[in-house]
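S.K.: Below, each chain spelled out in residue letters.
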Amino acid sequence: MPVKTISYEELIPGYKFPPATYELSASLVSKYLKAVDSAGDGFVPPLAIAACAIAAMTGSFSPPAGTIVIHASQELEFFKLMPIGATIECHTGVAQKITRGKMSVLILELEVFDKDKEKVQSGRATIALPT
Amino acid sequence: MLTEIQEGEALNSVVKHITQEKINLYAEASGDFNPIHVDESFATTTPLGGTIAHGMLNLAYVSEMMTSAFGRSWLSEGKLRAKFKEPARPGDTLTINGKISCVEQKDDVSYANCIFECRNQKGETIVTGETIVKLSGDKE
Numbered sequence: 001m002p003v004k005t006i007s008y009e010e011l012i013p014g015y016k017f018p019p020a021t022y023e024l025s026a027s028l029v030s031k032y033l034k035a036v037d038s039a040g041d042g043f044v045p046p047l048a049i050a051a052c053a054i055a056a057m058t059g060s061f062s063p064p065a066g067t068i069v070i071h072a073s074q075e076l077e078f079f080k081l082m083p084i085g086a087t088i089e090c091h092t093g094v095a096q097k098i099t100r101g102k103m104s105v106l107i108l109e110l111e112v113f114d115k116d117k118e119k120v121q122s123g124r125a126t127i128a129l130p131t
Numbered sequence: 001m002l003t004e005i006q007e008g009e010a011l012n013s014v015v016k017h018i019t020q021e022k023i024n025l026y027a028e029a030s031g032d033f034n035p036i037h038v039d040e041s042f043a044t045t046t047p048l049g050g051t052i053a054h055g056m057l058n059l060a061y062v063s064e065m066m067t068s069a070f071g072r073s074w075l076s077e078g079k080l081r082a083k084f085k086e087p088a089r090p091g092d093t094l095t096i097n098g099k100i101s102c103v104e105q106k107d108d109v110s111y112a113n114c115i116f117e118c119r120n121q122k123g124e125t126i127v128t129g130e131t132i133v134k135l136s137g138d139k140e
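So the protein lines, in turn, are chains A and B.
In this text, residue positions in the first sequence follow our numbering: the first is 1, and each later residue adds one.
In this text, residue positions in the second sequence follow our numbering: the first is 1, and each later residue adds one.
Since the hints were derived computationally from the structure, they do not count as laboratory data.
Do not rely on the hints blindly, as some may be mistaken.
Covered by chain A, per the in silico footprint, the following chain B stretches (three or more residues, Cβ under 8 Å) [what the hints assert, rightly or not]:
id, region
1, 16-27
2, 59-65
3, 78-85
4, 107-120
Far from chain A, by Cβ distances over 12 Å, these chain B residues were calculated [unchecked claim]:
id, residue
5, Q6
6, S13
7, D32
8, E104
Pairwise CB distance ranges, derived in the manner of DEER restraints [claimed, not checked]:
id, chain 1, residue 1, chain 2, residue 2, range
9, B, M1, A, P83, 20 to 28 Å
10, B, P35, A, T5, 13 to 21 Å
11, B, T125, A, P19, 34 to 42 Å
12, A, E9, B, S101, 20 to 28 Å
13, A, K119, B, V103, 43 to 51 Å
14, A, G14, B, T95, 38 to 46 Å
15, A, Y15, B, Q6, 44 to 52 Å
Don't be surprised by glycine CBs; every beta carbon is placed ideally from N, CA and C.
Isolated chain B (complex conformation) (with noise of 0.2 Å):
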């Protein structure tokens, strides 16, 4: 958990490496079995030219990052928005780095704004977006 809740307060990245039989298991376990994700030879013959991560899987490692950071307040009043840039393939290795962008006060109660980004090992752009997370007057 992050000690200090200040503007530009770096949080901990997830490092996290791509593999088909990831992508596989996550296919099983979420139920979307998209071809895209999980047939390689459907996927070379489609612009993607191969099988891609799904983008939820992405955002999971997005989710543990800010889970290490605010514990249960992301996980029980979390909020996200992410656009996916480019897709993550097997083989990538992908480093997700976040930071809170600013404090803000409404209605007496305290809320960390973040900003996060998902880059694979050439530093090419996959995931962007921002999260919110209350910090005081939380559920317990």
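Bound conformation, chain A alone (with noise of 0.2 Å):
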């Protein structure tokens, strides 16, 4: 788990996370599908690719006091199967901020990459921090 070194204040567009680099080890292929109740088909699912990009987003800032994270929605594109044991590079960031009154919401984005710098996946995902 990503320690929590980011102000809220500090997430503005265009602030790039530090980069998070993932072992697909078929342990953790393994507790994903537990977690979601899956026999699985042999390769890395992507859902459990984009969880860790996210996890690696959400994880490492502190909302501010008083306020909850909420996700609101999620895009999210494939280009590419990872086979168990695969190494990814994730690299994320603040499209966008917004202030309505006591709700602010986030739209951060990610790309996933491999080793060979080619595109695992991309997305979008919207969170929502109501006071």
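Taking the hints as your guide, dock the two standalone chains into a single complex.
M.R.: Given below as structure tokens:
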């Protein structure tokens, strides 16, 4: 789990989170499949990869005191199937930050690459932070 | 796998029961320990009134439905857009339904556009969205 070192105020459009690297080991995939109650099909589920990228972002910043972090929407596009044992690098950042009354909304972007720098998936997560 | 790809074709539904144990397992697997998911005493003090499942856990069930229908085409070249409408809570039974809304041709490649929704046992909509899957010319 990433260490929460980034303050919410630092999250401005254009901000890039430190890249996060994950080894998609058999044990990680097995744990994920157990959690999602699925038999699997010999590959890394693309949603497992997206989950790593999203957790790398949301786990690395501290929300403002008194707020909760709610996932409001998600877009994902898969480009490549990853074998178990592969290594991925997640590049994530802030696309938009919107404040409306007591509601803050962050639109976060993610891109995941394999060890050959080929794109594995990309996406956008909308995170709501109501106070 | 679907044997016929045509507009209006329903995808096989997926039914899943949500428990706090599954949510905790998902937190460990994904590394997402947001207290709204795993800290019951904290969650009860929030407007949500208790813990909720990760949105990405709900989407994993959608992906299971898509994988069952389209196999590797979904896993290697799928596209998804989802809105989380209501939280899924421990004790909920979720049913994910989907269907092919249209089949499109772009540059000699066929794509299936699907719509899906996830409802709980009370009929409340938890997630809605759409997916796109490449049907021909897929990578092998």
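S.K.: Does the claim that Q6 (chain B) lies off the interface hold, with its Cβ farther than 12 Å from every Cβ of chain A?
M.R.: Nearest chain A Cβ is 24 Å from Q6 (chain B), so the label holds.
S.K.: Taking the CB of Y15 (chain A) and the CB of Q6 (chain B), does the distance hold inside 44 to 52 Å?
M.R.: holds (45 Å)
S.K.: Are E9 (chain A) and S101 (chain B) spaced within 20 to 28 Å by their CB atoms?
M.R.: violated (42 Å)
S.K.: At the C-beta level, are G14 (chain A) and T95 (chain B) separated by a distance inside 38 to 46 Å?
M.R.: With Cβ atoms ~41 Å apart, the hint holds.
S.K.: Taking a Cβ-Cβ distance under 8 Å as contact, does the region 59-65 of chain B have three or more residues in contact with chain A?
M.R.: holds (count 5)
S.K.: Note whether the CB distance of P35 (chain B) and T5 (chain A) lies within 13 to 21 Å or breaks it.
M.R.: holds (18 Å)
S.K.: If we take the beta carbon of D32 (chain B), is the closest beta carbon in chain A still more than 12 Å away?
M.R.: violated (4 Å)
S.K.: With 34 to 42 Å as the target window, see if T125 (chain B) and P19 (chain A) comply at their CB atoms.
M.R.: holds (36 Å)
S.K.: Three residues or more, CB to CB closer than 8 Å: is that satisfied between the region 16-27 of chain B and chain A?
M.R.: Holds: 4 residues of the region 16-27 of chain B have a Cβ under 8 Å from chain A.
S.K.: Minimum Cβ separation between S13 (chain B) and chain A greater than 12 Å?
M.R.: holds (15 Å)
S.K.: The region 107-120 of chain B covered by chain A? Criterion: 3 or more residues, Cβ-Cβ distance below 8 Å.
M.R.: With 0 residues closer than 8 Å to chain A, the region 107-120 of chain B misses the three-residue bar; violated.
S.K.: Was E104 (chain B) rightly flagged as not at the interface, with every chain A Cβ beyond 12 Å?
M.R.: Non-interface label on E104 (chain B) holds, nearest chain A Cβ at 16 Å vs cutoff 12 Å.
Comparing the model with each numbered hint stated earlier shows that hints 4, 7, 12 and 13 do not hold.
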